[in-house]
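> Taken in sequence, the protein lines are chains R and D. Note that the first sequence covers residues 151 to 404 in the numbering used here. Note that the second sequence covers residues 47 to 414 in the numbering used here.
To be clear, the hints were calculated from the coordinates, so they are not data collected in a lab. Careful: at least some of the hints might be erroneous.
[To be verified] Not the full set, but computed from the structure, chain D residues with beta-carbon under 10 angstroms of chain R: (1) Leu75; (2) Ser76; (3) Val106; (4) Ala136; (5) Pro137; (6) Lys374; (7) Glu378; (8) Gly410.
Predicted, not measured: the structure shown is a model, and the values here were computed from it. Heads up, the beta-carbon is just placed ideally off N, CA and C, and yes, glycines get one too.
Listed here are the chains, written in short residue letters.
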Amino acid sequence: MTARAPASVVEMRGLSTLIGDHYVHRNLDLRVEPGQIVGLVGGSGSGKTTLLRQIIGLLHPAAGSVRLFGHDLAAVSAVDQRAMLRRLGMLFQGGALFSALPVFDNIAFPLRELRCLDEDWIRRLVNLKLAMVELKPEHGKLMPAELSGGMVKRVALARALALEPELLLLDEPTAGLDPDRSRTFADLLRELKSELHLTVIMVTHDLDTLARLATHVAVLAEQRIVEFGPLAEIMAGDHPLVAAFRGGESTKVM
Amino acid sequence: MNSAPRLQVESGKVVLAGEWTLAALLPHLSELESKLASEDLADHLWDLADVSRMDSAAAVLLWRAWNERWPGRLEVSAMHRRMLERVATAPLTAVADVAPPPGLIERVGYLVLTLIANIKGLVVIYGQMLLDLSYLFRHPSEMPWREIAANIYKAGAMALPVTALVGFLIGVTISYLSALQLRSFGADLFIVNILGVSIIRELGPVLVAVLVAGRSGSSMTAQIGVMRVTEEIDALSAMGVSRSIRVVLPKLLALTVTMPLLVLWASAMALLGGMVSALLQLGIPFAYFFENLQRAVPVANLVIGLSKGLVFGFTIAWVACHFGLRVKPNTESLSANTTRSVVTAITLVILIDAVFAIFTRSIGIPQL
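With the hints as extra help, turn the sequences into a complete structure.
Laid out in structure tokens, this is it:
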């Protein structure tokens, strides 16, 4: 692999998403640079999750383009596509754990798919990831159905981190975690970011996490990104949605 | 920034540089591993100062190369040392010991226990159905008519085309094969007796039961199973809605009502197919066929065929609901139970058919 290109990690230009006959996004622009932690905020049903699905190629743009690590995901070959997808980790809103596999195998799954690592290596890595999200190795034997909601989130995060991704997409990472845990979660991500130059795009409603973690904020409304900029700048702005967020923040962050 | 991970062994010194991440390591993995394992490097000075990035996969690689001990002399940035420390202190579970494959006695015992659990589950559903029916008799307004109607439509009306097609084709086939044999004896006219008795009494009900078990039984199990996986069943209970009345009972009643009608329909189609084939093969006109059908097939056969349909329908729905409720909240269990539901239903149907044959052996057979 060549030196890391200075290109944006994610670049969307004039993106339109059509689901059925309903436009979710229309002419949307967003650029995420390496090392940014972007908090994606917006009202319920404004298409935040759909935007994440666009990034990883689960949906195809009706117009415009999505470039991931500088390449158009739809235009590259299948082999390159897999290599690109290995460079990102996605935490789905509901966890999306494989219900037939125990926790350990869920986290080991992407590592085993590489077909290069031996079992001892995989076991160490999985235990490391479990420890990262504050789970014990014993938890590895549990089935996803036996986990609490918060544990599902943490296991899903561990799985998203398994391949040491450069880009992490998080859909509501702290929903279902108690405030203490979501604070540790934010600290963990910040540490990862400083060690690995991780880029993160996260959908969140949790202002505490947003304030602790995000370097940038993107506001999704009216089918496009209405505001994008550094956290402090956006929070000082006067978009009604931001104002509503800020209204909540003063009572919540304190 | 040069990104490939590099490893240089100089005199008494190991220099690591570049990007030590999983993605960057993979293309060079075998080369690096053999270099790390080639000689005893533990006493060397490890210089990791030029490593630009290190993730936990690389840290594990190094930690294993060091035989899980810190090397005597190590130069590493504080950030990467933290990563290594995390690996060093990570709990290491023993390899889970694989349970030995169960012996013959264990396996038989397990089968018997499963059988008992299944029979118990079936009895519970049956008992619950009786309780529900007596409750609904006292509170008729709570009868789940809409669900029953929906199930009749799905399992009955929607199944009409496929049962008609299969019935017709089976009728044609049997008629054709019988005609070949009968013609060699000059007993052409007995085709009416053969088709009439075999289709109405035996083939129609069993054929429809197999089709319905595959079609509706599996979908009932899958539906209840998914409702278990997604906790919808629990949501119903939380709203104070009885899952047995809303989910199980309509399926039982609907299939019990629908099956005799489907049997009638499929038998009629099979006879039609047989008639067409008899006309083409043996030149037996429809009118003759109709006239003699009444004489050759006593009406008791129709009663037996339809009551078989009734029992088969109930059995299929019963088994389907039982296995649906046994689904554990994971996809593997869902598919296993759907398979079990269909296989068990078809096996039971054929068993029951044999029992019917024994108990009705002196009924409805025309004495010549």
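> It remains to establish, for every hint, whether it holds in the given structure.
Each hint, compared with the structure:
| no. | hint | result |
| --- | --- | --- |
| 1 | Leu75 | holds (6 angstroms) |
| 2 | Ser76 | holds (9 angstroms) |
| 3 | Val106 | holds (5 angstroms) |
| 4 | Ala136 | holds (5 angstroms) |
| 5 | Pro137 | holds (5 angstroms) |
| 6 | Lys374 | holds (7 angstroms) |
| 7 | Glu378 | holds (4 angstroms) |
| 8 | Gly410 | violated (50 angstroms) |
Figure legend: structure checked against the earlier numbered hints; the only hint not met is number 8.
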